[in-house]
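Asks: Here's the letter readout for the chains.
There are 2 protein chains.
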Amino acid sequence: MQQALQNMRVVDLTQVLAGPYCTMVLGDLGADVIKVEKYPDGDDTRTMRPFVKDESYCYMMVNRNKRGIRLNIKEEAGRAILYDLVKTADVFIENFRPGTTCKLGIDYETLRAVNPGLIYCSISGYGQTGPYSHKGGFDIMAQGLSGIMSMTGEKGGRPVKSGIAIHDIAAGVTALYSILAAYVHKIRTGEGQYIDLSLVDSGLAWTVWEAAAYFGAGEVSGPNGSAHRVSAPYQGFQTKNGHILIGAANQKLWERFCQDVIDRPELLEDPRFITNSDRIRHVDELEAIIREIIIREESQYWLEKLDKAGIPSGPIYRYDETMNDPHIRAREMIIEYEHPAAGPIVNLGFPAKFSKTPGQVRRPAPCLGQHTREVLRELKYSEEAIRELEENQII
Amino acid sequence: MQQALQNMRVVDLTQVLAGPYCTMVLGDLGADVIKVEKYPDGDDTRTMRPFVKDESYCYMMVNRNKRGIRLNIKEEAGRAILYDLVKTADVFIENFRPGTTCKLGIDYETLRAVNPGLIYCSISGYGQTGPYSHKGGFDIMAQGLSGIMSMTGEKGGRPVKSGIAIHDIAAGVTALYSILAAYVHKIRTGEGQYIDLSLVDSGLAWTVWEAAAYFGAGEVSGPNGSAHRVSAPYQGFQTKNGHILIGAANQKLWERFCQDVIDRPELLEDPRFITNSDRIRHVDELEAIIREIIIREESQYWLEKLDKAGIPSGPIYRYDETMNDPHIRAREMIIEYEHPAAGPIVNLGFPAKFSKTPGQVRRPAPCLGQHTREVLRELKYSEEAIRELEENQII
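Chains A and B, in that order, give the protein sequences.
For the record, in the first sequence the residue sitting at position 176 is 176 according to full-length UniProt numbering, with numbers rising by one throughout.
For the record, in the second sequence the residue sitting at position 335 is 335 according to full-length UniProt numbering, with numbers rising by one throughout.
Every clue listed holds true.
Cross-link-like lysine-lysine pairs, in silico, DSBU-like; alpha carbons within 35 angstroms at most:
#  : chain 1 : residue 1 : chain 2 : residue 2
1  : B       : Lys-155   : A       : Lys-240
2  : B       : Lys-356   : A       : Lys-380
3  : B       : Lys-38    : B       : Lys-380
4  : B       : Lys-74    : A       : Lys-252
5  : A       : Lys-38    : B       : Lys-252
6  : A       : Lys-252   : B       : Lys-103
7  : B       : Lys-38    : A       : Lys-308
8  : B       : Lys-308   : A       : Lys-74
9  : A       : Lys-155   : B       : Lys-305
10 : A       : Lys-155   : B       : Lys-308
11 : A       : Lys-356   : B       : Lys-87
12 : A       : Lys-87    : A       : Lys-103
13 : A       : Lys-240   : B       : Lys-135
14 : B       : Lys-240   : B       : Lys-252
15 : A       : Lys-74    : B       : Lys-252
Computed from the model, here is a short list of chain A residues facing chain B with C-beta under 10 angstroms:
#  : residue
16 : Ser-56
17 : Gly-192
18 : Leu-204
19 : Arg-318
Derived, one-sided and incomplete: chain A residues facing chain B with beta-carbon distance under 7 angstroms:
#  : residue
20 : Leu-29
21 : Val-62
22 : Lys-161
23 : Ser-162
Simulated from the structure, these hints should not be mistaken for lab results.
For every residue, glycine included, the Cβ atom is placed at its ideal position computed from N, Cα and C.
Given only the sequences and the hints, what does the whole structure look like? Please build it.
Replies: Spelled out as structure tokens, the structure:
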């Protein structure tokens with residue numbers, strides 16, 4: 001089977017989540033990704049629980065479709081191997097704190113001299129420039145700085161973080177599309193280039209509606225629980241056995257909701273709830289009335305009634321319910337394959353379904369240093385040289 | 001200045017957020033994006049507030065760098081124009097409910113007959129296959145189904161939504177990288193293909209750590225406020241004038257925090273807080289003690305002390321604070337340009353900084369039908385034909 005990126009080679013010095021997510025997807029789509037892990041312990045996530053037969057599940061989740069080598073780039077002999085590798089690469093990606101690559105001798109200026117066509121992508125917390133560039137940055141600090149935390153939570157309550165590491169992922173997928181755009185340019189012109197992106201900027205660029213409210217009307221979006229800001233009722237409600245979402249977003253749906261779902265036609269005459277603006281003005285009272293009704297029956301009961309009435313709705317699943325939903329299964333969003341050390345591995349599938357060049361699991365995540373010898377042999381290192389590098393704690 | 005995607009032409013039938021975000025970034029990177037809006041009223045966001053001189057700020061935020069035409073594709077004459085346009089395109093992207101493109105005669109099988117090299121990308125709520133594929137889907141329903149809502153909120157509290165439309169954006173950026181990968185394949189082989197992706201799958205694919213906990217240990221991630229699941233103290237705290245994040249994630253940082261930041265060295269001796277596991281076990285008591293201290297001074301006071309002590313920390317900004325932060329400004333994440341109808345527009349900048357092919361605003365978002373005549377002329381329609389199409393309410 002052909003894969004879209006089968007001619008691309010990536011040298012990956014990232015760890016944890018943002019960079020590894022990016023290079024995993026490049027690998028899913030066919031790129032030859034060589035993950036270079038630090039000597040002696042490798043990617044920090046290798047120590048993150050849970051473990052299966054000593055292999056970290058977190059590591060295995062985001063490092064499939066990569067070959068792994070271990071390399072001591074603090075030593076000159078290790079750097080020399082990295083340069084040899086970079087000569088063969090289209091893409092180099094790293095997530096050191098700004099300034100570190102210069103100290104290590106693996107900054108863009110140095111590597112472009114080795115390979116002028118190289119696409120070099122740096123991921124950092126705050127970017128390579130600007131007053132905070134020197135700081136180390138984590139997803140949660142980025143959620144705080146971008147304003148996303150302050151928009152998340154109960155109305156009037158404390159800011160809470162998004163359930164997933166949204167800025168880490170944002171940096172990863174921004175790196176993905178940027179590298180691919182730069183690769184298109186490289187295919188056409190032979191030119192490489194440098195790409196600087198940060199966790200903060202990548203997530204901030206996604207606050208599109210919130211920016212429209214602020215730039216267009218000076219409004220600052222705050223937390224609003226599970227509720228829509230301009231339609232009511234449009235939010236989550238607790239049932240007897242879980243939570244569901246009800247989106248009666250317009251007048252017709254509101255009427256059907258009162259008549260066909262909750263059997264409370266008198267609400268349509270209530271002066272507090274006549275129009276959507278009325279309902280938004282009295283949203284707390286509206287919510288209290290509906291809450292007291294919805295909690296009396298189970299989710300399935302309400303979802304069937306809502307569906308029949310044509311009102312947008314759906315479950316608010318716990319994650320284990322998501323993982324067992326027949327639609328999620330039918331979409332092949334849960335896949336299984338063998339890992340040489342850990343045995344059968346369950347992982348998330350490919351969100352994009354390509355008709356000609358589908359994503360594939362060609363290999364599970366590597367054990368630490370699993371492909372060091374294989375890659376060095378490809379670079380024409382002799383068996384003797386490899387043995388010496390091992391003895392000298394370079395690989 | 002060169003742009004990475006300057007040879008790519010995109011015909012865009014999407015509206016609202018997911019698709020438009022995707023095609024905006026393609027446009028930022030140089031693609032010629034022709035946005036085809038429905039007759040007579042165009043993209044639904046054109047009616048979304050706030051407005052500046054009758055132009056919707058929401059619309060203007062995600063439709064820069066596109067040309068806009070208005071087209072009645074329900075009529076055969078309108079479809080004929082669309083086919084002419086598709087003949088010139090590399091990429092076609094739509095977000096109708098599954099099945100609708102067949103009824104409209106613009107499904108993949110029809111359009112590939114017109115242009116065999118076409119990359120055709122469909123974005124939908126639940127995807128083109130599976131038991132829920134027929135449903136209309138919105139971001140909030142996807143947040144409920146994927147489990148992301150159930151992981152967001154206060155510990156023990158109700159599920160709340162992420163501050164931003166995370167699944168809409170997920171589908172948009174998944175479309176972005178998928179289209180670019182397919183474009184690389186097309187450059188190499190001339191082949192087009194079909195890409196099916198959904199809001200649900202795209203966001204679900206980002207629940208990496210949560211999937212590791214579930215697949216690796218059967219653990220279901222629930223909401224945890226602003227706190228880290230395995231380190232303490234690592235969370236948000238209210239100050240006298242706002243909220244800040246404190247990430248004393250290991251023993252050394254905890255010691256420095258007690259000694260140099262809050263001046264409570266006796267906490268180091270408290271048997272409830274000796275090790276990180278102790279602190280996690282007694283996290284509520286720990287939080288109560290720290291909360292009562294942090295609230296006494298302003299954010300700036302604490303952030304300076306934390307910074308001096310080398311403890312990861314940062315503000316939890318309201319969005320207006322984010323927009324006025326000197327680092328955000330220095331990173332050019334806020335840009336301004338002229339819109340012909342609305343005047344000066346402020347928008348979010350480009351998260352990826354390319355050295356050779358930077359993102360650019362070549363044009364502001366189009367007024368409804370602004371480029372209809374220009375594009376029809378490029379397709380060699382005569383002035384008379386264009387007049388007739390207008391009279392017949394096709395454009």
